[in-house]
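Novice: Given next are the chains, with one letter for each unit.
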Amino acid sequence: MSVCYLLDALFLRRVALLGILGLAMGIGGGQANAQVLVIAHASVPADTITQTELLDLYTGEVRFWHNGEHVIIYDLQSQGETRDSFYTFLGKTSSRIKSIWLRRKLSGEGDPPERLASEEELLVRVQSTPGAIGFVALAGVPPDVKVLTRISPNLAQ
Amino acid sequence: MIGVCGAFALPLCAQSGEEPVEVFGYFQTSGELYYDKRDTDTGTYTTFNAQQLNILFRKQLSTRWSSFINVEFLNSFSAKDMLGSASLDEAWVRYRRSRQFDLRIGLQVPRFNNLNEIKNRTPLLPYVVRPIVYEESFNDFFALEEFVPERAFVQASGVFPAPVVKVDYAVFLGNSPNLVRNGEEAQSGTDSTLTFLVGGRIGLRTPAIRFGVSATRDELNFAADLSRTLGLTDNRLVERPRYRWGTDFSVNVGQWLLDAEAIWIRYDFDVTQLKIQRQFAYATLGYYATDRLFVYGTYWYTNEEADVINIHEKASLDVYSGGVSFAALERVTLKAQYAAVEIDYFDSSLPPEEEHGGGVLHIFTMAVSVLF
Numbered sequence: 001m002s003v004c005y006l007l008d009a010l011f012l013r014r015v016a017l018l019g020i021l022g023l024a025m026g027i028g029g030g031q032a033n034a035q036v037l038v039i040a041h042a043s044v045p046a047d048t049i050t051q052t053e054l055l056d057l058y059t060g061e062v063r064f065w066h067n068g069e070h071v072i073i074y075d076l077q078s079q080g081e082t083r084d085s086f087y088t089f090l091g092k093t094s095s096r097i098k099s100i101w102l103r104r105k106l107s108g109e110g111d112p113p114e115r116l117a118s119e120e121e122l123l124v125r126v127q128s129t130p131g132a133i134g135f136v137a138l139a140g141v142p143p144d145v146k147v148l149t150r151i152s153p154n155l156a157q
Numbered sequence: 001m002i003g004v005c006g007a008f009a010l011p012l013c014a015q016s017g018e019e020p021v022e023v024f025g026y027f028q029t030s031g032e033l034y035y036d037k038r039d040t041d042t043g044t045y046t047t048f049n050a051q052q053l054n055i056l057f058r059k060q061l062s063t064r065w066s067s068f069i070n071v072e073f074l075n076s077f078s079a080k081d082m083l084g085s086a087s088l089d090e091a092w093v094r095y096r097r098s099r100q101f102d103l104r105i106g107l108q109v110p111r112f113n114n115l116n117e118i119k120n121r122t123p124l125l126p127y128v129v130r131p132i133v134y135e136e137s138f139n140d141f142f143a144l145e146e147f148v149p150e151r152a153f154v155q156a157s158g159v160f161p162a163p164v165v166k167v168d169y170a171v172f173l174g175n176s177p178n179l180v181r182n183g184e185e186a187q188s189g190t191d192s193t194l195t196f197l198v199g200g201r202i203g204l205r206t207p208a209i210r211f212g213v214s215a216t217r218d219e220l221n222f223a224a225d226l227s228r229t230l231g232l233t234d235n236r237l238v239e240r241p242r243y244r245w246g247t248d249f250s251v252n253v254g255q256w257l258l259d260a261e262a263i264w265i266r267y268d269f270d271v272t273q274l275k276i277q278r279q280f281a282y283a284t285l286g287y288y289a290t291d292r293l294f295v296y297g298t299y300w301y302t303n304e305e306a307d308v309i310n311i312h313e314k315a316s317l318d319v320y321s322g323g324v325s326f327a328a329l330e331r332v333t334l335k336a337q338y339a340a341v342e343i344d345y346f347d348s349s350l351p352p353e354e355e356h357g358g359g360v361l362h363i364f365t366m367a368v369s370v371l372f
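In the order they appear, the protein sequences are chains A and B. Per the working numbering, the first sequence starts with residue 1, numbered consecutively. Per the working numbering, the second sequence starts with residue 1, numbered consecutively.
Be aware that a few hints might be false.
Examples of chain A residues lying across from chain B (beta carbon under 10 Å, computed) [claimed, not checked]:
| # | residue |
| --- | --- |
| 1 | Glu61 |
| 2 | Val62 |
| 3 | Lys98 |
| 4 | Arg103 |
| 5 | Thr149 |
Below, a list of computed lysine-lysine pairs in the DSBU-like style, where the Cα atoms sit at most 35 Å apart [said to hold, decoys possible]:
| # | chain 1 | residue 1 | chain 2 | residue 2 |
| --- | --- | --- | --- | --- |
| 6 | B | Lys166 | A | Lys92 |
| 7 | A | Lys146 | B | Lys314 |
| 8 | A | Lys146 | A | Lys98 |
| 9 | A | Lys92 | A | Lys146 |
| 10 | A | Lys98 | B | Lys314 |
Simulated DEER-style distance windows between Cβ atoms [what the hints assert, rightly or not]:
| # | chain 1 | residue 1 | chain 2 | residue 2 | range |
| --- | --- | --- | --- | --- | --- |
| 11 | B | Leu179 | A | Ser99 | 47 to 57 Å |
| 12 | B | Ala91 | A | Glu69 | 22 to 32 Å |
| 13 | B | Pro163 | A | Asp84 | 21 to 31 Å |
| 14 | A | Val124 | B | Val295 | 35 to 45 Å |
| 15 | A | Pro153 | B | Leu33 | 26 to 36 Å |
| 16 | A | Thr48 | B | Phe48 | 48 to 58 Å |
| 17 | A | Val124 | B | Thr46 | 51 to 61 Å |
| 18 | B | Phe138 | A | Val124 | 48 to 58 Å |
| 19 | B | Tyr45 | A | Arg125 | 49 to 59 Å |
| 20 | B | Phe364 | A | Val124 | 45 to 55 Å |
| 21 | B | Thr47 | A | Ser99 | 27 to 37 Å |
| 22 | A | Pro130 | B | Leu285 | 39 to 49 Å |
| 23 | A | Asp84 | B | Arg266 | 22 to 32 Å |
| 24 | A | Thr52 | B | Ile311 | 52 to 62 Å |
These are calculated hints, taken from the structure and not from any lab test. In this text, a Cβ means the ideal position worked out from N, Cα and C, and glycines have one as well.
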């Protein structure tokens, strides 16, 4: 068997496997290759957000919304596709973001974002916390939660 | 991190909605092997050292106000055995108006170049032994404060975002170095002069590149004792200005990181028979092999020269070093470092055969840095 043939076969198997996984996750939660939505509490005085503004919030450089309300940032606990897509969109690895927050914490500038166990929990917290922002890949975001931007899978590359 | 209120339900937190006092900190403990090939040749020896312990307290006082205390213990501190030192390193309150204006009032380590403000945050740094002017545990035998400002009492800082780059600024005010050390003369730890330390940093940054310029001015008395030696009968060496100039540069491309700094110190003695100058520089090139493993090589240069009448003294250090830093756990980092320290000194007041001295000191160190 030639090396090229072997690589081709492995590639096809991987594509097929990813397809099956994607289908399975799609049925389960609609997350695989789905858009990541950057969501915010209804009180947040913004309707859209840029990548730069999002990076400023998630690195703790900006702590207040334009109306003076305190920004509450939520993150996800586990390394998953949603979190990876989000941080790829920000242009920073999650370990780099972690070290930025460690510097802030040890310099007395505050704590890193609270990391929640699931997207469902994150959605509930954003929905109920004034000034809150987070990200999910869920299909059904309630109308009282603002969607500030949509990160499509190709934008997160 | 432990929230004291959560752990002990102190009455301090009885008011509803009040944030708890956060108590957290870190320490670094190291083992060192010295292979000394200097003229004095003390041979090979090993040692262990609880290099540093910092206990931090933070409290969010309101949305925009917070306070912070940093208590530092150095070099296996023991009052019983008279080892090391303990100090109140920081105690300040912060008012954060906006990204453009942040005010800190109280004892603090000011922003100067890239490393000064975080020099004692061992979990953030890959080194066991930091670039020498930032190595707090060398304070006993190396005059760190000649190179960098150690304390300030008011600092305003902020960031101005622009389309391509962000502009950082910091300006600070503190005591001159002429603090009262004898409580019988005046209140210990206060500044008896009419001058202050003033300084700041201005920097530009993009997500990948940082560049900054820093400066301080203060006035000191340390050369006043030389008046008689120099035959001066006036107060020309009292409260003479000292200027520190610094520049820092940092670039992060992919997994690579380059950090560099330089510092120049100039003293304005206004006396031709006395001249002192100091310089320091370092450059570190590092590579993130994985998210948890950082490998680096670094070079430090320190030079101090003094001319007093016709006597010339010079001492310089060239340090070639390399090491690794591995995050074994989120809160535990293992570090290893090797350094070849080339020491060179010259003193024209000594007999010709003793004028030059120096040699090479090899240091192997391993350390563990723990966040708690």
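Novice: Does each hint hold? Answer for all of them.
Specialist: Okay, the hints, checked on the actual structure:
no., hint, verdict
1, Glu61, "holds (6 Å)"
2, Val62, "holds (5 Å)"
3, Lys98, "holds (8 Å)"
4, Arg103, "holds (6 Å)"
5, Thr149, "violated (18 Å)"
6, B:Lys166 to A:Lys92, "holds (17 Å)"
7, A:Lys146 to B:Lys314, "violated (66 Å)"
8, A:Lys146 to A:Lys98, "holds (26 Å)"
9, A:Lys92 to A:Lys146, "holds (24 Å)"
10, A:Lys98 to B:Lys314, "violated (44 Å)"
11, B:Leu179 to A:Ser99: 47 to 57 Å, "violated (35 Å)"
12, B:Ala91 to A:Glu69: 22 to 32 Å, "holds (30 Å)"
13, B:Pro163 to A:Asp84: 21 to 31 Å, "holds (28 Å)"
14, A:Val124 to B:Val295: 35 to 45 Å, "holds (43 Å)"
15, A:Pro153 to B:Leu33: 26 to 36 Å, "violated (52 Å)"
16, A:Thr48 to B:Phe48: 48 to 58 Å, "holds (57 Å)"
17, A:Val124 to B:Thr46: 51 to 61 Å, "holds (56 Å)"
18, B:Phe138 to A:Val124: 48 to 58 Å, "holds (52 Å)"
19, B:Tyr45 to A:Arg125: 49 to 59 Å, "holds (56 Å)"
20, B:Phe364 to A:Val124: 45 to 55 Å, "holds (53 Å)"
21, B:Thr47 to A:Ser99: 27 to 37 Å, "holds (30 Å)"
22, A:Pro130 to B:Leu285: 39 to 49 Å, "holds (46 Å)"
23, A:Asp84 to B:Arg266: 22 to 32 Å, "violated (51 Å)"
24, A:Thr52 to B:Ile311: 52 to 62 Å, "holds (58 Å)"
In summary, the structure is inconsistent with hints 5, 7, 10, 11, 15 and 23 from the numbered list given earlier, while agreeing with the others.
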